[in-house]
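Construct the entire structure; sequences and hints are all you get.
Just so we're aligned: the sequence shown equals residues 1 to 200 in the UniProt record's numbering.
Don't take each hint at face value.
Stated by the list, open to error - Simulated restraints, written as ranges between beta carbons of each label pair:
no.	residue 1	residue 2	range
1	17	97	27 to 37 Å
2	18	78	16 to 26 Å
3	82	114	37 to 47 Å
4	131	169	21 to 31 Å
5	73	130	30 to 40 Å
6	36	136	36 to 46 Å
7	83	108	37 to 47 Å
8	158	13	24 to 34 Å
9	13	166	22 to 32 Å
10	15	161	40 to 50 Å
11	39	16	28 to 38 Å
12	18	133	13 to 23 Å
Stated by the list, open to error - Straight-line C-alpha distance at most 25 Å; calculated DSS-like pairs for lysine-lysine:
no.	residue 1	residue 2
13	20	94
14	143	162
15	143	154
16	173	154
17	162	62
18	134	154
19	76	154
20	94	149
21	134	173
No lab work stands behind these hints, which were simulated from the structure alone. Backbone N, C-alpha and C define an ideal beta-carbon position, used for all residues, glycine too.
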Amino acid sequence: MLTLFALMLQTAALDTDTAKAAKTCAQALVIASAGTDSPMRLTSHFTHLAMHAARAEGAGAKLFDRLNALSDEISKQPDLSPENAKLLAPQCDKRFPLTRSTAPVRLPADPFRRDTLCFGTLSLLQGAAQEIGKDGDSAPLNKIAAGLKPLSDKMTDAELAKRGLADDGAFMKALSDVMIASIDMGNPLGVAAACGVTGL
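Below, the structure written as structure tokens:
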């Protein structure tokens, strides 16, 4: 019995590599929190950890492409048992303390960086909300869409051109930069709440 418990503990140790640990935790926290956290909160956990992995890998301006790829990679990892997921969860909370934090997020003081961060975060969450909406709960999607509209209206071609972001590559770099910086501010749901979109 003691040997079995020791093996479980050994199996449930996080890798020292940040990207690998974040990918493991993305899977572990979703499994450990299933049935207790809302689908949008699970999405926030997963996304924040995928962002940690992408940053550790040096995704840079390719952040959004890398996040899409990581979603597939993490889903194809060997399944964790519920027992191992629960053993890993406290380690994940210690290693990535903001992932499940409910503390208020402080947004950037610069208005454009703030709007860009809100736009990027809500855009990321919108995809999950669309999937949830297919199961009949359209409330998260409606809230996110309402929050995105004024931000999208502000980001006109003329406004982006004034800031040297006229081409898609320059804008995606600016968006990726502010999103990567947000990892140390809080998780996507916390950022969304600071942007005025609550109750997800």
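Hint check results:
Take residue 17 and residue 97: their Cβ atoms lie about 18 Å apart, and the range 27 to 37 Å is violated. A C-beta distance of roughly 20 Å is found between residue 18 and residue 78, which places it inside the suggested range of 16 to 26 Å. Our hint of 37 to 47 Å for residue 82 and residue 114 holds, since their Cβ atoms are close to 39 Å apart. Roughly 29 Å separates the CB atoms of residue 131 and residue 169, a value that falls within the hinted 21 to 31 Å.
Evaluation of the 30 to 40 Å hint for residue 73 and residue 130 yields a failure: the beta carbon distance comes to about 22 Å. Restraint check, residue 36 to residue 136: a C-beta distance of roughly 20 Å breaks the suggested window 36 to 46 Å. Distance hint check: the CB atoms of residue 83 and residue 108 are about 41 Å apart, consistent with the given range 37 to 47 Å. Our hint of 24 to 34 Å for residue 158 and residue 13 is violated, since their Cβ atoms are close to 53 Å apart.
Distance hint check: the CB atoms of residue 13 and residue 166 are about 48 Å apart, inconsistent with the given range 22 to 32 Å. For the pair residue 15 and residue 161, the beta carbons lie near 44 Å from each other, so the given range of 40 to 50 Å is met. Here the CB-CB span from residue 39 to residue 16 is close to 31 Å, well matched to the stated 28 to 38 Å. At roughly 33 Å, the beta carbons of residue 18 and residue 133 sit outside the given window of 13 to 23 Å.
Annotation: proposed proximity of residue 20 to residue 94 holds, straight-line Cα distance about 15 Å (limit 25 Å). With a C-alpha separation of about 30 Å, the suggested pairing of residue 143 with residue 162 is violated against the 25 Å cut-off. This hinted pair checks out: residue 143 and residue 154 have alpha carbons roughly 18 Å apart, not beyond 25 Å. With a CA separation close to 18 Å, the supplied pair residue 173 and residue 154 stays within the 25 Å bound.
Only pairs whose Cα atoms come within 25 Å are accepted, and residue 162 paired with residue 62 is accepted, the gap being roughly 23 Å. A threshold of 25 Å between alpha carbons decides the hint, and for residue 134 with residue 154 the separation of about 29 Å lies outside it, so the pair is violated. Straight-line distance between C-alpha atoms of residue 76 and residue 154 comes to about 38 Å, which puts the hinted pair past the 25 Å bound. A hinted pair counts as satisfied when its Cα atoms are at most 25 Å apart, and residue 94 with residue 149 does not qualify at roughly 36 Å.
Pair hint residue 134 plus residue 173 does not hold up; C-alpha atoms about 32 Å apart against a cutoff of 25 Å.
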